Amino acid sequence: MRQLFGMILGLGILGLVTLRGQAETPPYFDFVESLRQSGQSDLALEYLEKLAKEKPTGVQADLLPVELARTRLQLVPTEPEESERVRLIDQARREFEGFLKSAPNHPERPQVLLEVARLLTQQGKTQAIRARRIDEEEERLKAFAAARPFFDQAAKQYQEAAKTLKQQVSGLGEGNSSEEKARVKRLRQAALGATIDQGINEIERALTFAGEGDRRTRGDQLLKAAKLLDDAGQDEDLPLSWVAKAWIVYCLYETDSGVEADRAYRSLIGEERKRPAASDGIRLAKFFNLRQTARNGAPGFELEVQKAADAWLNQYRRRSDRLTMEGLGVQYILAGILRARADKMIKRDPKTGLPVSPPVGDAQSLLNRAASLYQTIASSDNEYSERAVRNRINIVIDQTAARADDPSKLTTFEQCYLAAQVEQALLNQKAKMAASSDATMTPEQVEALRKSTYTKIISLIDRGIRLATPKESKRDLLEAQFLQTFAYVQINRPMEAAVLGEHLARANPRSGKAAQIAMLALNAYNTARSANKEAAPEDLQADLNKIIDLARYMDRTFPTDPLANVARHQLGFYLMRLRDYFNAADALARITTDYASLNEARRDLGAAIFMLNRPPGIGETKPNIPEAQRLALMTRAIEAIQKLPPATKDTDGEIAKGFAEAKIQLGQVYLLDPKTYADAERLGDELAKLIPTLSIAESDRDNLTYAARAVKVGAVFGQAQRESLSPMRDLAKIAERLAPELKDAEAEIAKTDNAAPSRESLLREYRKILVLALRTSVQDSKVERANEILQQLQKAGGSIESTIDTLREVVRDVRGQITELKKQGKSDEADKMATSFTELLDQIAKSDKLPETMLLFLSTGYGSIDVHAKSVELLERIAPPAADADEDKVKSFRKVQFLLAQAYRKAKEYQKAQTLINQMLGTAKQKGWAFASVEVRKESLLLLEDQGKWRDAVTGWTSLARVWQARLKPLPKERIAGDPNFQRIVNDRAMYFDLFVETQRCLTRANDSTLKDEMKKGAAFEKIAAALVELETKNEDLSDTLKDSIRALLEEYPLLKEKYLAAGGKLISPKAE
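With UniProt numbering, the residue at position 912 of the sequence shown is 912, and numbering never jumps.
Don't read these hints as lab results, they were simulated from the structure. There could be a bad hint or two in this list.
[Claimed, not checked] Restricting the straight-line Cα-Cα distance to at most 30 angstroms, the calculated cross-link-like pairs of lysine-lysine (DSSO-like) are:
#1 823 to 1057
#2 973 to 1034
#3 430 to 347
#4 949 to 927
#5 938 to 1066
#6 185 to 166
#7 823 to 782
#8 949 to 906
#9 891 to 908
#10 181 to 307
Since we're looking at a predicted model, the values are computed, not measured.
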């Protein structure tokens, strides 16, 4: 019987005791206080809202938000709709916080702080009520745990408030004047109320420890509460002291101290006629005793409990009393007793569990009264209402009064709705029996019954809605359509469920069911979209927009409902798919810490922040987000992930996995900013050690460990690379920093038995470490060490060829640094680096079996440091393809020929270069493979330049440019990327511009080399400069590469640069002078 009559706490906050006297208050507020004290808080709120519209000033304006908030909280205990209770609490909290912010030194501040504590208690109770509605134990206990932080915060506020108020009482003594004595009394009441509220807060917190293994913790918390309440119950002249005594009775019952509890109860009841101040406490104590009698289940307890419940309801007849949680609790217990008594008189079929015949006589009377009580309870949204609805339906099933074999005989909405509920309850009963060991129905039969039942439910509710009159309960109408929405989902009609559900949620935002209905609709939209993947793109986008709009509505309208977190998660997911990373991250960052999938949500938040802040990829543009907003959001996101509860070896595997994924994603975010490289290294190292100890599936554990290690190695690389690029770099220190990672890389590369996807990420980071170590070794002239690292790098990639891209990076770096050293006048250092790099290339070139790609790379490497003779030697080792070779090999060798001609020229073997170029070009009569190749013809002209044959070179460049000038066309007004004609025009123009600039470059070299007269040279350069300025002025489509070529030419020839600036050129600023 303990389960049947389990009491669910939800008693309202104690009446607020407000202080007056420190600051004079308007008489209006005394009137408001009197309305509240007389139980007319609704009138008080109406009066205050009217005052607020008049926009008062002075003291009245300061305190108006406080009085509004107090009045809203006074309405909370008697408000039947949960959503309205949540709204009242949220609004009151905003008003209190607004006052505290705007009036930090106001005399009312201590009292307001106390009321904020009460508000936190109420929010915790609301979350606890939601938890009690959850049937599945594990989820219910999680929801209870989510309520504790509210009670913890409230406890701190109560302690401080009570302490401050007691100090104020001590400071005033008994008071001298009547005004001071009245103030002392108010302060005493306020301090007492704070202590009692603190005790009730501890009780509420104790009840969140609802698991079987939590009994000891729950008992300790209740004893702690009883001690606080005992301290508060000493001043028997105050009504609140007697309330404290009643709660002590409750604590004693809850800790199985029955004898002591009964003694305390009898002592309290004994004062009923003697002390009017004890009335509120006695009312509570009677309820606690009634509840305990029902739980004990002693012989004959049913009649005793029924008599006590009837007496309680007769004594407390006011509707406001009966709508409190204790009043509803008494009615719920009484209905359960009546039903239990009736059940003893009913004979049931052992197979179906249904009555053999309809109940009659006393059984029927008892069931009718129980059904009436359940209907009263269910008429408001409270913690008992859902169970009351189910119990009432079960009574109807027992009475077999509303089975709708012929729906057309039903003539009212109530009949149709009740019939639909009965159909659902009968279906659940049959499904439960089908799952038992002696099932008589197959799963296929159950599925067919389910579809037919929900189809019938839809028809019943359709008929009921048509029959509904204006007198119908709005709550019942909504509940009926909620059931209809659910039925659509059950028979796989998701779009109808989505449309109806969204309409209901938007039309009834203040209903306690609105968030649930909205979530049902949101899930239905998702189902419909998944089933409609072959639809037209515009239809899929329309469906996606509906999901996003509804998720945003839930986020905005039900901000404190747990389902809002689910909506935020979905909203973030879909916005990320649309690449709206800022708003995705903003939605995900609003997910509160009580969300069941918090770790996964924080992982997705990290991913959104990463995508928002990473450098744009090819074809992407950086989002236009104000920098302050971007940084603020990034800070919020990082802090949210940092505050995740740590995982341990005892943490559930899936939760631990989500934790690790979220933290790894945080590491990726750290790697975006050099300032947080050290944080990434620390986090990656910690995770790499933690993850193997967690209860995660082995494959996931290995994969996550590799990912964590990759974060750490990436951070080490980032820091070492920054040091290597510094002008003050210490190469020995960098080598020391990289040494541990090189050792780990060698060990990891040697492994062959792990195929975790993240291992490739780790190997990629190790390859970057190896490349950096190779480059710094070359810079430090450590050839042997560089060669060892190169061999390790080859193992990391699997072959010599696979390292070529990496080596090209080294070549670019070395070449750039040599050039920079020469610009700085550090020729000795430049020569030393070139020599060191040459030695490294020599080491690689020793092999007789180098593949063609490596020979090409080595020739490029030697050429980059002007060792062209060795480039020639390597390229000459590449044999021509066989006569029957495929086209790819022929093309590859043609590239070799071109590079060899280029190497001959740079090695000053001009005759060999000319012979090879002639062979490639051929003649007009006998064309070679490169006859139409612009690149080869350009190389032939460069060969003329290097030999000082300026007339032929200039003539050649001019002729080649004119060929492309003849093909020149203006850009079309409508530029369509991807259009072949448009692209052809763009390419032709780019080629002509390139050849034009090359012609000017050749002219510049020729004039500089041949003209000794500075005036003539200046005149010649003036013409060249004018041609360049005309080119840039008349053509808006010059490429950045071409502009860089012009700039390089101007920097190489200062006189030309002078003439260019004088002619109005814009590519170089005059300030550069």
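The hints, checked one at a time:
{"no.": "1", "hint": "823 to 1057", "in the structure": "holds (19 angstroms)"}
{"no.": "2", "hint": "973 to 1034", "in the structure": "holds (16 angstroms)"}
{"no.": "3", "hint": "430 to 347", "in the structure": "holds (19 angstroms)"}
{"no.": "4", "hint": "949 to 927", "in the structure": "holds (24 angstroms)"}
{"no.": "5", "hint": "938 to 1066", "in the structure": "holds (28 angstroms)"}
{"no.": "6", "hint": "185 to 166", "in the structure": "holds (12 angstroms)"}
{"no.": "7", "hint": "823 to 782", "in the structure": "holds (24 angstroms)"}
{"no.": "8", "hint": "949 to 906", "in the structure": "holds (16 angstroms)"}
{"no.": "9", "hint": "891 to 908", "in the structure": "holds (26 angstroms)"}
{"no.": "10", "hint": "181 to 307", "in the structure": "violated (45 angstroms)"}
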